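Once you've looked at the hints, dock chains F and R against the given chain U.
Letter by letter, the chains look like this.
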Amino acid sequence: MAITGEKFLKKDSLPHMWCQGCGNGVALSSLLRSFERLKYTPQDTVIVSGIGCWGKADDYIATNALHVTHGRALPFATGVKAVNPDLHVVVLMGDGDGVTIGGNHFIHAARRNIDLTAIVVNNYNYGMTGGQFSATTPADSITSTTAYGNPERDFDICTLAEAAGANFVGRSTIYHGRLMDNLIKEALSKKGFSLVEIISPCPTHFGRKNKMKTAVDMLNLYKQNGVTKDKYEKMSPSEQSNAILIGKLVDKDAPDFNTRYEEIRQKAI
Amino acid sequence: MRKEVILAGSGGQGLVLGGVILGEAAMLEGKNVVQTQSYGIATRGGFSQSEVIISDEEIIFQQVEKADVILTLTQETMDMYKDTPDAVILYDSDLIEAQSGPQFHGYPFTKMAIELGNAGTLNVIALGFISALTNIVTLDSLRTVLTNRFGKKAALNLKALQKGVDLASSLNQKEAIS
Amino acid sequence: MSRTPILMQGNQAIAEGAIYAGARFFAGYPITPSSEIAEECSKKLPKIGGVYMQMEDEIASVGAIVGASLTGVKSFTATSGPGFSLMQENLGMAIMGEVPCVIINVQRSGPSTGLATKPSQSDVMQIKWGRHGDQAIIALAPASVEECFLLTVKAFNMSEKFRVPVILAADEIVGHMRENFALPEPGEVEVVDRKKPEVSPDEYRPFEPQADYVSPLASYGSEYVFHITSSMCGPEGFSNNDAEIATWKIDQLHKKLEVHRDEIVETKTFLMDDEPEIVFITFGATTRVARAAAIAAREAGTKAGVLQLVTIWPFPELEVIKYGSNAKTIVVPEMNYSGQIAEEIQRLLGYNADIRRVNKYNGEVITPQDIMKVLSL
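Protein sequences appear in the order of chains U, F and R. Heads up: the first sequence begins at 0 in numbering that gives the first Met the number 0, then just goes up one per residue. Heads up: the second sequence begins at 0 in numbering that gives the first Met the number 0, then just goes up one per residue. Heads up: the third sequence begins at 0 in numbering that gives the first Met the number 0, then just goes up one per residue.
If we strip away everything but chain U, and leave its shape as in the complex, we get (with noise of 0.2 Å):
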């Protein structure tokens, strides 16, 4: 039978509020197929979301679901897990939820290596607020907040995360589905913090304003430039800022928080 994710899918939610081109629709149905593929239930999950476009997803996940304030997910996720190990614990944030206002937080729980799954979509831009910039809009991209383009540089949330000690970051776009769908499953089952980051299409705000009138112009451009390591490695600096680099790009099994909670617990009893 095909692994479709449906029974995850809080039907009467539909139909969804996201715009025509988004990519959270797709990013939303590769993790729910994940669920399905490691027989996750709705009792032993819980999603923790943010404010944003990606944030809302939780309305559409028939799981658990703690939906809260704009950038605090993971410290959420971060109380929900430290005392309940046994609850898969999936945490949805965009760029200005995951990285910028709740920057602090992400390096923290990838610091502290809790056992979560991070899935930042990035969108490059505040999709809901009205495409304003973030901390991952490009350099002289244009916004809202920025009409003669962005002067501020922008992070990049993959290399945040192995900087700060994640055991696992991957990063995918929206057009490499089977991609996504491994770094989601791979992510899901590795203890300690994981993070994928999926680059995906905003048509409406931040496409427009960059030349990329429609989504599928951005998912052409994603085709164009999405690299993996190994050929990312080989390309010149001005080669490597036009490309997306795709792909597992960190995998270790250093001890997750309550695994080092427990070794430290056992010299106070």
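Keep in mind that the hints were calculated from the coordinates and are not lab data. Small disclaimer: the values here were computed from a predicted structure and weren't measured. Beta carbons: idealized from backbone N, C-alpha and C, even for Gly. Treat the hints loosely; a few may be bogus.
With a straight-line Cα cutoff of 25 Å, these simulated DSS-like cross-link-like pairs (lysine-lysine) come out [claimed, not checked]: (1) Lys-222(U) / Lys-233(U); (2) Lys-267(R) / Lys-127(R); (3) Lys-194(R) / Lys-248(R); (4) Lys-266(U) / Lys-46(R); (5) Lys-65(F) / Lys-372(R); (6) Lys-151(F) / Lys-43(R); (7) Lys-43(R) / Lys-266(U); (8) Lys-184(U) / Lys-222(U); (9) Lys-266(U) / Lys-152(F).
Covered, in the sense of this in silico footprint (three residues per stretch, anywhere, with C-beta under 8 Å from a C-beta of chain U), are these stretches of chain R [stated by the list, open to error]: (10) 17-28; (11) 42-50; (12) 84-92; (13) 220-230; (14) 254-266.
For chains F and R alone, coordinates are given in the frame of chain U:
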């Protein structure tokens, strides 16, 4: 019976711990105790003081209003408290200008503690002295608290306590303050 | 209280009270003058199967305790002014999500960094109104080490019973003060657990309307699957923009405390039996100086008594009117400039009432002499 004690100096001199030891000893004698502290942002140095009130009755207002005994370990705190009426005032004679008057008792407490092997015992020497000079708390109670609290290091602290007692006995003017 | 009394610090009594009440998760960020609570929890919780976490900031601390509480584990945090300011955001989330948890605020001088080691009682209004949006909250203020323990237990009980965050509004004086205190034996003080659902998992809704406005709360990881949100939501816990739902939800947040008002509000009286002409109305540590002043006033021939507001939010309006209306003079000592409690009393007793404020906001404690000055006794 109500007795009020101030241990004043700077951060790191063990004043809070000194107050706690005094309070715990008084509790062994069935007294009510309130211990409060006032300090600045520095863990070492800066103004710090510990107040202890010991009473048979319920202690309502928590601060010292009329001190019976004051230990000062800095010039600043001596200047604050030297005019306190009817209080016995102990001070470290190496750190503070000599004071004249029957209420003042200056000894090189810090130096004595270092000679014993641990500057941290200075508050215990002072407590031994206070116990021997006044009837605020008995030596037995202080010994019990030190033994329970310090385990392996109790011997050194008991020695420090005795040192304070010996200082007080060397005074001919030993008097119970009631 | 059958155990041997020990010389216990207020902050330690708060940690002990939380553990006694069943708390098994603490997430916090160190700050003077509350850090002893974190230290105590870091030592004790691992031994009893609990978890101590030190978070990256106070925003995260409240997030973590809300998450942990939703798995069914009683959770709390402790802080002081600057940290309490950071906590407002997720405290609002806890109120909206109706998640039981306890926040200890050992108040210190402010604004901002203020006097880091000095006491204050200036967060009274922040506790009530510090977050955006309209909401009700419970806050209790201890005046002794024993009350630090008992009111922490009560804070957890109220929090569990009414699905609401509860603030323990302590201050540096009671937090750092040591007094004789014997820890109660298990069972000696009542401990309340949250109402669990009795319906089948299919029927369960996390905000199911109830006659007493308190919906049973399931736990993540149980057979119940549920959704909690910071957005306006209906009984099923999914965000909903209907005007009718918004009205219902905001009513719910207020009414669950209004209908249980008598159970929540606690006051204590001292020397109040003979309708004294001077009534001190106090909360927290300044209760002690007022009691001392009342005794002194009586020794000087003037009848005086004290009404201690143990619960400060919801405000004990009935008690203030009952004990305050017949007094000739009301005296309200507070470690703040603006008379945050005095204003509430004035609102109830009228602007012609003789309400004398004793305000000190320099980090020093209010003394009996400070009070006698306004009474010219």
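Going down the list of hints, with the structure as the test:
1. Lys-222(U) / Lys-233(U): holds (18 Å)
2. Lys-267(R) / Lys-127(R): holds (21 Å)
3. Lys-194(R) / Lys-248(R): Between Lys-194(R) and Lys-248(R) the Cα gap is close to 19 Å, so the pair holds against 25 Å.
4. Lys-266(U) / Lys-46(R): holds (9 Å)
5. Lys-65(F) / Lys-372(R): holds (19 Å)
6. Lys-151(F) / Lys-43(R): holds (23 Å)
7. Lys-43(R) / Lys-266(U): Between Lys-43(R) and Lys-266(U) the Cα gap is close to 12 Å, so the pair holds against 25 Å.
8. Lys-184(U) / Lys-222(U): Roughly 22 Å separates the two Cα atoms, so the pair holds.
9. Lys-266(U) / Lys-152(F): The given pair, whose Cα atoms are some 23 Å apart, holds under the 25 Å limit.
10. 17-28: holds (count 3)
11. 42-50: holds (count 4)
12. 84-92: holds (count 4)
13. 220-230: Holds: 11 residues of the stretch 220-230 of chain R have a Cβ under 8 Å from chain U.
14. 254-266: violated (count 0)
The structure fails to meet hint 14 from the earlier list, while all remaining hints are met.
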